[in-house]
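One line per chain: the protein sequences are A and B, in this order. Heads up: the first sequence at position 386 corresponds to 386 in our numbering, and the numbers run straight through without jumps. Heads up: the second sequence at position 262 corresponds to 262 in our numbering, and the numbers run straight through without jumps.
Think of the hints as simulated: they come from the structure by calculation, not from any bench. Certain hints may be false.
To be verified - For lysine-lysine, the following BS3-like pairs were computed, each having C-alpha atoms within a straight-line distance of at most 30 Å:
| # | chain 1 | residue 1 | chain 2 | residue 2 |
| --- | --- | --- | --- | --- |
| 1 | A | K327 | B | K262 |
| 2 | A | K33 | B | K262 |
| 3 | A | K497 | A | K87 |
| 4 | A | K734 | A | K499 |
All values derive from a computational prediction rather than experimental measurement.
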Amino acid sequence: MTESTPSIAEILDMSLPYGPSPESDAPAREWLKSLGGEAKLFIGGAWRKAKSGESFETRDPSTGAVLAKIAKAGAADVDAAVKAAAKALPGWSALPGHARAKHLYALARGLQRHARLFAVVETLDNGKPIRESRDLDIPLAIRHFYHHAGWAQIQAAEFPDQEPVGVCGQIIPWNFPLLMLAWKIAPALAMGNTVVLKPAEDTPLTALLFAELCERAGIPPGVVNVVTGEGETGAALAAHPGVAKLAFTGSTEVGRILRQATAGSGKALTLELGGKSPFIVFEDADLDAAVEGVVDAIWLNQGQVCCAGSRLLLQEGIEAEFLHRLKRRMERLRVGPPLDKAIDMGALVSPIQLQRVKDLVAQGVKEGAQIHQAPCPLPEGGAYYPPTLLTNVQPASTLAQVEIFGPVLVAMSFRTPQEAVEIANHTPYGLAASLWSEGISRVLDVASKLKCGVVWINATNLFDAAVGFGGYKESGYGREGGREGLEAYLKPRWRAKAKPLAPEAAPPAAVPASPLDRPEGVDQTAKLYIGGKQTRPDGGTTRLVRHASGALLGELPEANRKDLRNAVEAARKAEGWSAQSGHARAQILYYIAENLASARAAFVARLQAATGRAKAACEAEVDTSVARLFAYGAWADKYEGTVHRPPIRGTALAIPEPLGVIGAVCPSSPGLLGFVSLMGPILAMGNRAVLVPSFTEALIISDFIQILETSDVPGGAVNILIGDPAALGLELAKHDAVDALWAFAPAGSLADFERASAGNLKRIWTEPLARDWFDLVQGEGREFLAQATQIKNIWIPWGA
Amino acid sequence: MTQTTKIRAAAPPAPHPENPGIPFDLGPLEALRVNASAAERRADALGGRRSVKKQWQAAWLIRALECVDLTTLNGDDTEGRVKRLCAKARQPLRADLQAALGLAGRRIVPGAVCVYHRFVGTAVEALKGSGIPVAAVSTGFPAGLSPLKTKIMEIEASVADGAAEIDIVITRELALTGRWRELYDEIRAYKQACGPAHMKSILATGDLRNLDLVARASWVALMAGSDFIKTSTGKESVNATLPVTLTMLRAIRAYRDATGHKAGYKPAGGISTAKDALGQLMLVKEELGEDWLQPNLFRIGASSLVGDIERQLEHHVTGRYAAHDRHGLA
Numbered sequence: 001m002t003e004s005t006p007s008i009a010e011i012l013d014m015s016l017p018y019g020p021s022p023e024s025d026a027p028a029r030e031w032l033k034s035l036g037g038e039a040k041l042f043i044g045g046a047w048r049k050a051k052s053g054e055s056f057e058t059r060d061p062s063t064g065a066v067l068a069k070i071a072k073a074g075a076a077d078v079d080a081a082v083k084a085a086a087k088a089l090p091g092w093s094a095l096p097g098h099a100r101a102k103h104l105y106a107l108a109r110g111l112q113r114h115a116r117l118f119a120v121v122e123t124l125d126n127g128k129p130i131r132e133s134r135d136l137d138i139p140l141a142i143r144h145f146y147h148h149a150g151w152a153q154i155q156a157a158e159f160p161d162q163e164p165v166g167v168c169g170q171i172i173p174w175n176f177p178l179l180m181l182a183w184k185i186a187p188a189l190a191m192g193n194t195v196v197l198k199p200a201e202d203t204p205l206t207a208l209l210f211a212e213l214c215e216r217a218g219i220p221p222g223v224v225n226v227v228t229g230e231g232e233t234g235a236a237l238a239a240h241p242g243v244a245k246l247a248f249t250g251s252t253e254v255g256r257i258l259r260q261a262t263a264g265s266g267k268a269l270t271l272e273l274g275g276k277s278p279f280i281v282f283e284d285a286d287l288d289a290a291v292e293g294v295v296d297a298i299w300l301n302q303g304q305v306c307c308a309g310s311r312l313l314l315q316e317g318i319e320a321e322f323l324h325r326l327k328r329r330m331e332r333l334r335v336g337p338p339l340d341k342a343i344d345m346g347a348l349v350s351p352i353q354l355q356r357v358k359d360l361v362a363q364g365v366k367e368g369a370q371i372h373q374a375p376c377p378l379p380e381g382g383a384y385y386p387p388t389l390l391t392n393v394q395p396a397s398t399l400a401q402v403e404i405f406g407p408v409l410v411a412m413s414f415r416t417p418q419e420a421v422e423i424a425n426h427t428p429y430g431l432a433a434s435l436w437s438e439g440i441s442r443v444l445d446v447a448s449k450l451k452c453g454v455v456w457i458n459a460t461n462l463f464d465a466a467v468g469f470g471g472y473k474e475s476g477y478g479r480e481g482g483r484e485g486l487e488a489y490l491k492p493r494w495r496a497k498a499k500p501l502a503p504e505a506a507p508p509a510a511v512p513a514s515p516l517d518r519p520e521g522v523d524q525t526a527k528l529y530i531g532g533k534q535t536r537p538d539g540g541t542t543r544l545v546r547h548a549s550g551a552l553l554g555e556l557p558e559a560n561r562k563d564l565r566n567a568v569e570a571a572r573k574a575e576g577w578s579a580q581s582g583h584a585r586a587q588i589l590y591y592i593a594e595n596l597a598s599a600r601a602a603f604v605a606r607l608q609a610a611t612g613r614a615k616a617a618c619e620a621e622v623d624t625s626v627a628r629l630f631a632y633g634a635w636a637d638k639y640e641g642t643v644h645r646p647p648i649r650g651t652a653l654a655i656p657e658p659l660g661v662i663g664a665v666c667p668s669s670p671g672l673l674g675f676v677s678l679m680g681p682i683l684a685m686g687n688r689a690v691l692v693p694s695f696t697e698a699l700i701i702s703d704f705i706q707i708l709e710t711s712d713v714p715g716g717a718v719n720i721l722i723g724d725p726a727a728l729g730l731e732l733a734k735h736d737a738v739d740a741l742w743a744f745a746p747a748g749s750l751a752d753f754e755r756a757s758a759g760n761l762k763r764i765w766t767e768p769l770a771r772d773w774f775d776l777v778q779g780e781g782r783e784f785l786a787q788a789t790q791i792k793n794i795w796i797p798w799g800a
Numbered sequence: 001m002t003q004t005t006k007i008r009a010a011a012p013p014a015p016h017p018e019n020p021g022i023p024f025d026l027g028p029l030e031a032l033r034v035n036a037s038a039a040e041r042r043a044d045a046l047g048g049r050r051s052v053k054k055q056w057q058a059a060w061l062i063r064a065l066e067c068v069d070l071t072t073l074n075g076d077d078t079e080g081r082v083k084r085l086c087a088k089a090r091q092p093l094r095a096d097l098q099a100a101l102g103l104a105g106r107r108i109v110p111g112a113v114c115v116y117h118r119f120v121g122t123a124v125e126a127l128k129g130s131g132i133p134v135a136a137v138s139t140g141f142p143a144g145l146s147p148l149k150t151k152i153m154e155i156e157a158s159v160a161d162g163a164a165e166i167d168i169v170i171t172r173e174l175a176l177t178g179r180w181r182e183l184y185d186e187i188r189a190y191k192q193a194c195g196p197a198h199m200k201s202i203l204a205t206g207d208l209r210n211l212d213l214v215a216r217a218s219w220v221a222l223m224a225g226s227d228f229i230k231t232s233t234g235k236e237s238v239n240a241t242l243p244v245t246l247t248m249l250r251a252i253r254a255y256r257d258a259t260g261h262k263a264g265y266k267p268a269g270g271i272s273t274a275k276d277a278l279g280q281l282m283l284v285k286e287e288l289g290e291d292w293l294q295p296n297l298f299r300i301g302a303s304s305l306v307g308d309i310e311r312q313l314e315h316h317v318t319g320r321y322a323a324h325d326r327h328g329l330a
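Just chain B, with the same shape it has in the complex (with noise of 0.2 Å):
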């Protein structure tokens, strides 16, 4: 191996490039075709093409842990157990396991916390100071099917409670039956109602289930201006697989050539073993490269993933297999 092994200053983590979106173009949609087999080959053969060991692989465990958009989404939330997300979110990793890494004071956190537009206020008090942004699922999460009016309005109050990012949800109707210029208006609507926080697009891919809509999907939604594109809201049967990555990947590679704007990726839902992660992370690494790999372009929205990821990183310290009960609880 003569890779090159030029050690780079660390840098200020990048900051969210904007993608101000362009106007609605049913050209490049027409265009688009995405093989299914073809697309499932490809994510099954690169984990045979690609593996990290050891160093590079916590490496890479540890930029996974900084992707996580640390979420919880559930009927029963309440301040308390946000509050408790929120501690986690401080401090992911234990702070003997992470000097052991050699990290000791390197600032190791989660992309942002994700929660409720009703307990934004709880979260942006509870990481007040800690640099992480709180990001609010809106728009009527997670079947997006309120009138628009409130779904607008829900937007307005995330951020002004101080959500910097808004995780909206498209209205899988206007996809399913290929009303791309009404898909259009809609997210343009929402980004618009976003001001200065960032959008999040969730496609709800598994809604969608067939990758031609999933990349056609993906382009409306990047056109409308969105600065992520996100697959899941976690309570579709399907969520973030390897093939649904593909395709989005490449709608944003495409866009990318085709505008000039980058945009982010968050698969969300179903990504909870530090294994699904690194395959997540190749991925991206191999179809956009490494301007990726940070949190302000990649995301994992998750919510049991650091567990598994935490021991991971033990045991790549101790060598032994960790529990559950060592780590700290979200």
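So here's chain A without its partners, still in its complex pose (with noise of 0.2 Å):
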């Protein structure tokens, strides 16, 4: 404070300003002193130097003071921390549910002993305010802890097949420190894996003081390992061959930076990523309600969240009304010392964020967006920004699209909830979502349509350890929080044993080389299958399928680009499939199965001809097709969501929706049974198949397409492609309008698959293990749901 003090009479005569009321940062400089000049790695339970001996600065963005010197860790202190992670993995994961779970519990109770250190500690390195990182960052991590002591309590009873996956790499952004770590390590460890953690290198004090935490609290050596340092100790970590999971929270930029990073080194990656979140508000909505959802939506930690309600969608019947609200509000805001407990924005995180989210607002405003900024002062010397709504802002403008990651809200109007939802959607991101309305049939119908993971009714910005966070679309995948966000930290039992799938080959006997010896004794000729169309492929050419010996097998056609194009069309095109209830597509999943059967005799004797393998073995996979299909005929109405029951006075509804257009390269063999097992799943949760099988075995599908044309499919629901399985798979990861891909390929083909798919960070599951695809564990059921579906979380405040 700089002015003098004025008197209680004076104060009352200027008709009673705040004043200033900061919290003590006196506990918290104690502990940066006891860090004694620099601060060290945790590895392996130990404190130590990085090995070049190099060293960074984390600083005070609300002055620019440094706070301390860190050690950078550099590849060599990485692979440390990787090994001493790997080598606490199984006694960590050995120990009893109820061991782990106690582990956890003493982080929760430590954290809880130390809230208001670890508050102002964050605030000091992130420039949050004090109420947030108080009342918002901890007890939320505190709650993850808890919560996650659960899960490890009750894990043998609720997941006995499944066993944790190993290394965890984790890299953790600036915005929430503290809490981005606890929904890091609380799930990690809960199911028995070991962690090594990079925090982001503006905001890493948290994290040291949380690894003095596990120290203190007896968490064995190596289950957590904390390596600071800057973008080259991510990518160090992201390389590390130790790692067997990595997950990432921050920019989508680096996201798809990691997605390359990672192709093919058969690492399991989560991502969460960035947003352009809508906030959309009806006119019937209680507006001063909604205006108050603005504040807690986009200056909240000043902007810089990844789910921020940063567009604001106004119903044009109430736009100038609410924007005159919106204005006079911001007149209330005040922006001071993160320190201060009566403001509402602190600092951003730096200097360089600072001038990031000043260039875009000059962008918006060149583009001639109308800028209002909150009125109150700014402290000089820190990385302030005021409270910013730009208007005049169309859905084409520069800043309706990108991530500003700042204060800064663009307002634009709707007519329709029909067009709310029309430009709710159209942006690459799909993480969050707000929507204010009190006609409850009107709000649920839009939150139901909106392509995100996270939808807040009548709210906004609400987390809970218990219900699943992350984002469809380049949002990011994988789930944190929650039954959900568990699945990532565990694999399926039988994968420790499983062997590779071996590159594809050609069928072992001899076959009619003659199509007039098949035995319908006509000449038939294979096509594809798009749009609920045989058509022959765009390049008119046929492949012949030859045995090793040179015999034909038969002739095939051969899709390409173009072909490939048409059918994701075609599937993009058939969303009535998606939006059919679960009952309605068991009806032809049951269908599709039926005539399948009544055709048995025929499959069964293709097989034989097409595979040269024993009539029993033919038969079986005939029949287990049959009942795959039945699986999923039943599946389709019965994998539903959850209720969540998080801390507020209402639920949250986890459900899971399907994903789009899916892409699936399928396996080679037994290539019927193959084929069906993932045509099954992502026709039952609803979503368009693009799929493409083994060239060897593509006879049989062929035949298959005239079971599927005669079960009334609706066009473009299935759309299936025969030719080359690593041209046409790479072709599905790199088209943009689809939105997950499948691929059962041999270890070499995946990783050009999962680089591609970075492209728009479409979802992929590469499968280079040879499932045994009659094992019902292996080869149907929740794994594969669970991949066929996205999880969006709808939070319903209630209330009267």
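With the hints as a guide, bring the two chains together.
Here's what the structure looks like:
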């Protein structure tokens, strides 16, 4: 405080200003001193300097002052950390759930005991208001450890067929440092994994304080390792072959790089990335409540929130009134020193971030946006930026599309709920949405149509450990929180013993060379199946399928890029399939099964001829295929969501939704059963499929097309491309209108698919292992259904 | 903090703005929406978003004191009891404490003394020369279910006895069953009976329960010319909660936007600690602005609040936690 302090009488006559209300930073400064000049890395339970001896500085963004020097981990340090985590893994994962639960409980309790110190350190390092670190970040982090202590406790009962993934590399951002640490570490540890965590270079402090807590709480050495550093440290962690699973929260740009960098490595990957989330106000909303919602949506944490409601969509009838009320509300916002307890916004995380926000706003204004900023004074000397509203922004404007990651809101209007949905979904992102309306029917309808992972109804930025958080589309994949968040930290037990998928081999036996020798006795032309029609390949090319001996097996069409484009287009248009009820989809799957069963003899004969396998084996494949279709008919109306009960008055509905268009490169053998095993879950969950059968077994699939044609499958719901799986798979991976890709192929081609999938960050499921498709665990069920869906959590607070 | 610290000269107490009311209109009522969860979140969050310390807190508490309607509304009230209350109103703060706060010689009195009709005369007499107005609860307080004629007569009698402010209670049935026009007419009739006295309309929000109803009843009361809207009689099981305050403040704001008329707000019941009072003041400042942080537009109906404020102020001066018996009894 620079000005002289006024007297009580003066304050009374000034109509009651707030005055300063600082939280003490003395304990935090004491702790910083205890770091002894340079904070070290936490590896294998010991504190070590970086091998290179290098360090970097972390600063208080509200003043620019250096808070601490921090060791900068290089590749050698990361290697040591991963090795320490690997060493700790067998012991930690072998602990009974109760023992791990006690460790996590100790962490929750420890965080709680030192909550204020964590909050102040977080605020010093990040610049966020102490109110937020005290009331939001730290309590949510504590809750995360409690909640996951519970998951550890009941793991054996709830996940008997699964085991930990292994060493987890975790890279977290600077916007919610400790909370993101909790989101990463708690589920990993609960499920028996060990962790190497790389905090953001701007905000490493609370991770180090947490490491001290781990030490005191008796977490076994190596279970949690913290490697501080910059981009190269993260890159070294992502590249380390000892890491089985990589979890990243941060920008979509870096997410893409990580997807490419880990391609072909076999690492599991979850990404929680950026957003440009809509905040939609309908004319029947409580407008004052919605105005307050905007404050929570875009001015929380200076707008540096991946799920910030940064696109304000206003129904035209209330647009002017709403903006009037919002501007008036902005007059009351206070920006000040982050440790002041009477402010709404503190400092942005760094001068770099500040400059980025300034540049983007300048660009928006240049494009014609009108700028309105809160009139509050800004403290000097720090990375401060005022709450900002931009109007006269159109959906096509840069600022309506680019994630600003700052306290900047862009406002647009819409006419009807349908148009709101259209504008809201018109973004490559799909993280969150906030809807404001007192009409429950309307608002739930819109919630169901939005393509995003989290929807808040008449609320915003609510989080809880029991409720999964994560995005659709280029906002990433994987969920954090709740049961849905544990999936990323578990794998089926059978995988440990499974063999890699062998490269496709020619069938083992000679088969009839002439089409006239086939049972039908008439020449048949195999075709592609696109949009419900059998079509000739665009290139007009046909490939001869030969046995290794040179004997002709048959002739197959060869699909090219244009066929693939057409198939994806047909699949995109077949939205009706996704809108059908589970019951209606089940009818179609049963009908396919029925028709396949009635053609059993022909399929058995065809399989025998095409594969040279014994009749009994071929009968088993057809029969199991029929059963599998039945299974997915059964699942179509039974794979339901969860009703979460987070600590609000209300609920959060976790609803599995179809991804949209899923491309699938099917396993080579057994061809029919493998194909059906992928088509079934994709269709059952309401996706549209573009399927690529393995080339050697495509003959049987060309017959299967006729089954589909007679089973009332809506045109475009299933599309089949016969051709070179490696080439077609790559095209699917590159296609930006494909929402997900499944690839069951030898490891070699998977790397290319994974790398190419980074383009639109489509969800990708690559399987290099040979599954036993006749086995019920490996061949069907929840694993497939989970891959065919994404969870949307709809938060519904209520109150009369 | 670069907050402006320009000191304005002490202004004389601002007069009560008059709310003449407007013709009945169902339109604004039908457009009203209150989301209860969102209102609660806003109310909950404010305590974390705002805080006053040191001399700022002391000043805020003095202002809270100046906004209190010092109240006694019990079946066992007597003349003696009312006189004691009035004596306390004349000197709510110990003189030495007031001096230690740097406020020696400054007029610090509560907004009004609030009593039943029977004691209006007693209070007027006891407060003579102090400039402190007497408020009378009226219209069959607290249930408000007496015949309309007697309710009107009650108002007239209190005004005749010298009450400058009349706190009426609405007929809750009319709000609970949506008979808004009848409610409007009733309040309008009270307003007329008040004449020059300022009318505060008690909505008994604890009986209405639902924030939508609170908002609608607030609008009707404002349209009918209430100078203040007030939450509670103090006799309902739920009194002036922050979400109710939020809802009523927003109604006052919307009415101001629509008509240009300023009406005041009075939470009553259950506000017994200095902290509660600060919470109400902060919400008023945030939602309505500084104009409302004066007794002409903001009152707190309370009986035990003053004692807690005194103790907090003593703590500010001495750094020691105070005891009740060290301050004047009401």
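Results for each hint:
1. A:K327 with B:K262: Within the cut-off at roughly 21 Å; holds.
2. A:K33 with B:K262: Given that 30 Å is the threshold and the Cα spacing comes to 55 Å, the pair is violated.
3. A:K497 with A:K87: 21 Å, holds
4. A:K734 with A:K499: 28 Å, holds
Violated hint for the displayed structure: number 2, the only one.
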